[in-house]
Amino acid sequence: MALQQGRDADPPAVRARLLLLSTLALCACAGSPTPPDWQLNAADSMEYFRQDYLVGDTALAESDFADVKANLKRTGRADLLARAELVRCAVRTASLEFDGCPAFEALRQDAGPEEIAYGDYLLGKGAGKASDDPLSRLVAAGVALRKTAITPAEIQAAVDLSSAQGWARPLLAWLGVQAKRAEDAGDRETAARLRRRMDLISK
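In our numbering, the protein residues as written are 5 to 207.
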């Protein structure tokens, strides 16, 4: 499954590397020695958004993303906004917050083929491998859970990955999945242990 690191050539849906800052470097002047300020500002704000969202600071993450959109809107390019919305949808998928990516869907008609393919992938409609990037692997795990195609070992791998990165939001979500499964199986001891761990993170 997707949590396994692979160096094979990824299909277009994943190869788009929408989770990397370089995805914002799409303008014609990207090769110039001094990138335009909108590009630098958007890239910085996107990285802040990604980190703030994953550690669980919702208010700050929303402010960061508003900055991303404000800078991208200055270009008049809907394709860049669509790509940014996919990044937001991806981090939400990694955190098991499935909402159908409505902001991207509103821009789908102006998105490129790779963006459309990646959007479909996030919705569980396409196949793909994760890259070695931790967030890409966690997104792939979220997609697998959405498709109900994930094993307990793979869920544990997602927990371990979230914990190792210090990403509280997805860690809580994945621990919640484990706790629910333990409760459904009648394993009260394991469920209680997992709930205590969740309390430690959230309090």
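Check before you lean on any hint, since a few could be wrong.
[Unchecked claim] Derived DSSO-like pairs (lysine-lysine); straight-line CA-CA distance at most 30 Å:
#, residue 1, residue 2
1, Lys-184, Lys-151
2, Lys-151, Lys-77
3, Lys-207, Lys-129
4, Lys-151, Lys-129
5, Lys-184, Lys-129
6, Lys-207, Lys-184
Bear in mind the hints are in silico, worked out from the structure with no lab data behind them.
Each hint, compared with the structure:
no., hint, in the structure
1, Lys-184 - Lys-151, "holds (17 Å)"
2, Lys-151 - Lys-77, "violated (34 Å)"
3, Lys-207 - Lys-129, "violated (37 Å)"
4, Lys-151 - Lys-129, "holds (9 Å)"
5, Lys-184 - Lys-129, "holds (26 Å)"
6, Lys-207 - Lys-184, "holds (20 Å)"
The structure fails hints 2, 3 (numbered hints given earlier, in ascending order).
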